[in-house]
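Chemist: So the chains spell out like this:
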Amino acid sequence: MKKYFLTFMNRLMTTIVYRFDFVCGLALTAFNVMISVFVWNAIYKTSTIDSFRGYSFKDMVVYLVLTNISSMVFSFDICFRIGNMIRTGQFSTYLFRPINVLYDSFFDYLGRCFISILIFIGTVFIYDLYSGIGIFDFLLTLSYFFLCIFLWFQIASIISLLGFRVIQMWPLKPILRGVYMLFAGMYFPISFLPSGFSRIIAYNPFGMIGCNLSEVVMGKYIQSKVLTLNIYLVLCIIVLNLIYRVLYKKALKLYEGMGA
Amino acid sequence: MRFSVFKELVKQSFREFLIYRTTAILTVVFSIMFYLIEVITGIVYFSFTDRIFDWTRRDYMILITTANIIQMGYQFFFVASHEGLEEAVIEGDLDYSLIRPVNSFWFYAFNRLDIPSVIGIIVSVIFQCYFFSSMKLSFFNVMMYSFGIILGIWFLFLVNQNIVMLSFWLEKSGKLIGIPEYIFEMVSRPQSIYPNKMVLILTYILPFFVSVNYPIDALHGKFSLSGTVMYILYLLVLTFITYNIWNKGLQKYASSN
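Just so you know, the sequences run in chain order F and P.
Residue numbers are given in this note's numbering: position 50 of the first sequence equals residue 50, and the series is strictly consecutive.
Basically this note's numbering = 1-based index in the second sequence + 1000.
Do not take every clue at face value.
Unchecked claim - What the simulated footprint calls covered on chain F by chain P, stretch by stretch (three residues with Cβ under 8 Å from a Cβ of chain P suffice, anywhere in the stretch; the number is not a length):
#1 22-35
#2 46-53
#3 187-200
To be verified - Examples of chain P residues toward chain F, derived with CB under 7 Å:
#4 1032
#5 1033
#6 1037
#7 1048
#8 1052
#9 1182
#10 1193
By construction, these hints were calculated from the structure, which means they are not laboratory data.
For each residue, glycine too, the CB sits at the ideal point set by N, CA and C.
Whenever a hint applies, use it, and build me the whole structure from the sequences.
Modeler: Following this line, the structure appears as structure tokens:
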């Protein structure tokens, strides 16, 4: 455990040292939220209806803030870590060490987005305090959030295995970003999409960590549904973990240890 | 810069495009994807209301498509050059180009074409034709629209060129390069949704709003002659200033990293 803690601390320190990057990311997120809020403000003002599909303007602002902050936690950087190590040949030294690649990556990821996680939890806490949501709901929300982190990590790990086959991974980043924007509901809740389409992509993994997470925080679901969602997440994580193990074994056979 | 040099650069860009096929395909995929996300977002916005202030759905779609064509046009002509230029300045790689008997400003401006962006432009133009098909447009208005698009691309080039040139003076200016893109995303929404002061600044000081809205006003025949002249004058002056800053930057350039 101690060795993984070191990985975590290392990464956390790097994030703190390069805090300018982090601040830029935060400013950018705020800017995006601002544009969306202006647009929705105009829509709510022009329309005669006060709430669309259960969202008042205030709800919409909270939703956009939460979804955009959580998108900082679920960053795509980890998808490219292994790919980079393979390209430079650094991955060989990594394999010699008595560590589990998956666990190490996980703690690296935790260190990377630790500050974002704290910001998100802080926002949720303030929101719950402000809107008088009970402690049990808060804890349930937190457990949902932590499961989301695990789920995201599993998804990203599977994507990162592409690094064994593709040398230049970076053009993938905007594509993943785009998929995330749409399927996690960065601009609007998934339920706002035309109903046929939104039913198909409801409960997709990106939506679970984006749109649904915000809706859970905002108390849009009853407790039993949140519990069911929690269980659904656990199942997803187990299935993805099994897929990861199979794929990792196959991918490792491709690795030549030369660096490209 | 002579035309034959430009032709050679185009040939080089094309060869590069053929070498990095996978990257090119991915670039095409994501540029089209981002446009489609904008369109879907627009559809969602207008499923709740017929108008956003005085903007109908068709106006909105024309706006985001226009913005996309300008953005893609900038990418096609200039983005690859700008990416290379910032690195070249910091790493001290400009020398090879400076000793050539060509005007370095224009040589660098048209250094590389980003061939994959053509597909993005074609897709948006097809969409735009579809939105136009339900309007009565004269040939003159469409010509003015196209002219406005070219001015918009040129404006975006000048702004980005100035940001890239900051690297003559600042070492870590790389972070600033994305800023024009974000502002451009902002102005690709109806300008009436933003606070007045913001619109004024982005119209009269840095005419981002004009760059996107001018082609559309021209399309509707709503443009004034004096406004057009002002806009073109602004671009000419900015070109002149940019050109001079480039020469100042070259004097500052020390050819070592």
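Chemist: Now look at each hint and say whether the structure bears it out.
Modeler: We went through each hint and held it up to the structure:
1. Restraint check on the stretch 22-35 of chain F versus chain P: 4 residues with Cβ-Cβ distances below 8 Å, three needed, restraint holds.
2. Look at the stretch 46-53 of chain F against chain P: 4 of its residues bring a Cβ nearer than 8 Å to a Cβ of that chain, three or more, so the hint holds.
3. For the stretch 187-200 of chain F, the proposed coverage by chain P is satisfied: 5 residues have a C-beta within less than 8 Å of a C-beta in that chain, meeting the threshold of three.
4. Hint status for residue 1032(P): violated, given a least beta-carbon distance of 10 Å to chain F, over 7 Å.
5. A cut of 7 Å between beta carbons decides the hint on residue 1033(P): the least distance to chain F is about 4 Å, and the hint holds.
6. Hint status for residue 1037(P): holds, given a least beta-carbon distance of 5 Å to chain F, under 7 Å.
7. Hint status for residue 1048(P) relative to chain F: holds, with the closest Cβ pair at about 5 Å, below 7 Å.
8. At about 5 Å, the closest approach between the beta carbon of residue 1052(P) and any beta carbon in chain F falls short of 7 Å, and the interface hint on this residue holds.
9. Here the hint on residue 1182(P) is kept, as its CB sits about 6 Å from the closest CB of chain F, short of 7 Å.
10. Look at residue 1193(P): its Cβ gets to within about 4 Å of chain F, closer than 7 Å, so that hint holds up.
The structure does not agree with numbered hint 4 stated previously, though it agrees with all others.
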